[in-house]
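Trainee: Listed here are the chains, written in short residue letters.
There are 6 protein chains.
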Amino acid sequence: MPIVQIEMFEGRTLEQKRMLVEKVTQAIVESVNTAPENVKIVIRDMSKENYAIAGKLACDK
Amino acid sequence: MPIVQIEMFEGRTLEQKRMLVEKVTQAIVESVNTAPENVKIVIRDMSKENYAIAGKLACDK
Amino acid sequence: MPIVQIEMFEGRTLEQKRMLVEKVTQAIVESVNTAPENVKIVIRDMSKENYAIAGKLACDK
Amino acid sequence: MPIVQIEMFEGRTLEQKRMLVEKVTQAIVESVNTAPENVKIVIRDMSKENYAIAGKLACDK
Amino acid sequence: MPIVQIEMFEGRTLEQKRMLVEKVTQAIVESVNTAPENVKIVIRDMSKENYAIAGKLACDK
Amino acid sequence: MPIVQIEMFEGRTLEQKRMLVEKVTQAIVESVNTAPENVKIVIRDMSKENYAIAGKLACDK
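Chains as they are written, first to last, in the working numbering: chain A, 1 to 61; chain B, 1 to 61; chain C, 1 to 61; chain D, 1 to 61; chain E, 1 to 61; chain F, 1 to 61.
Source of the hints: derived by calculation from the structure; they are not laboratory data. Hints are supplied without guarantee of correctness; some may be wrong.
For identical chains, the list gives no copy identity; a pair is met inside one copy or between any two copies.
Below, simulated DSSO-like cross-link-like pairs (lysine-lysine); rule was C-alpha separation at most 27 angstroms, straight line [what the hints assert, rightly or not]:
no. : residue 1 : residue 2
1   : K23       : K48
2   : K61       : K23
3   : K61       : K48
4   : K56       : K23
Note that the coordinates shown come from a computational prediction; the quantities given were computed from them, not determined experimentally.
Construct the entire structure; sequences and hints are all you get.
Mentor: In structure tokens form, the structure reads like this:
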């Protein structure tokens with residue numbers, strides 16, 4: 001605990017993911033007073049065909 | 001808000017997904033009194049190897 | 001399958017939830033060619049203290 | 001109900017998944033007094049690039 | 001890893017939850033060759049007002 | 001997009017949640033090159049009766 005899930009569009013580089021999990025972990029540690037070892041992060045890559053706002057797929061915008 | 005996740009077997013066409021997000025968004029807007037812009041939908045395609053009912057994988061049925 | 005999760009602010013009436021699951025189920029059945037019995041919906045009620053956009057909690061807006 | 005999601009690293013064989021859903025279903029049936037038909041399990045395969053503990057991606061360890 | 005989520009109707013006793021997490025953890029360890037320490041389980045209690053099959057809320061059945 | 005879910009033990013103050021969503025949003029914006037308006041965060045408060053590691057509930061440790 002905490003367990004974090006981040007859903008985002010596919011295409012981010014490994015370097016961006018590295019920075020993402022480092023910075024998000026730090027943000028959580030500073031805010032809710034927990035040790036870094038407790039923070040687990042799951043990233044989900046999503047295709048633009050699989051996300052919609054206002055009834056329209058992201059790939060159609 | 002609302003955030004919707006729809007988990008279903010892979011293999012649906014883009015046209016089916018288009019209809020799905022349009023109709024589901026409309027269903028939510030009519031039922032809970034929110035604007036279409038507030039409705040976000042995430043679709044997750046799943047392989048039949050990754051779903052089970054009653055202890056049996058869907059790919060084995 | 002499909003399994004649907006709908007995350008929304010708490011405070012909807014039972015009548016709204018009834019309409020919501022009926023209409024969303026119908027929308028899915030019409031779009032992706034499945035039987036109503038296959039559609040499972042989970043609703044999650046969320047407090048405004050537990051949702052944020054652009055770094056601001058909904059309860060602070 | 002119950003609906004179970006199991007997030008794990010990709011690379012498990014079909015045979016392992018078969019055993020997994022069978023054993024987990026049985027464990028739930030024995031513990032919370034429900035019929036096997038009610039237990040649905042979703043498996044999510046995850047790349048080591050998409051999981052982090054303590055701010056470090058699993059692929060970097 | 002693995003991370004498990006179990007969504008079920010509220011009302012289970014602490015004793016049932018204790019048995020549930022013990023047995024499910026064991027089932028996973030035996031099936032996919034991982035150490036017990038790696039298995040994290042999140043239980044979500046759900047009201048019958050918040051679950052539907054075939055377009056009908058569980059509380060209406 | 002991105003959509004973030006943070007599962008953590010209940011008991012955090014409103015002030016901690018405020019800081020959490022602000023800092024996590026900033027961490028994501030800096031890492032994956034997106035606008036703050038695109039970042040949605042859902043917090044889930046969890047009881048110690050509903051989380052387990054290594055087959056043991058957190059409330060029993």
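Trainee: Which hint numbers does the structure go against, in order from smallest to largest?
Mentor: Hint check: nothing fails, all pass.
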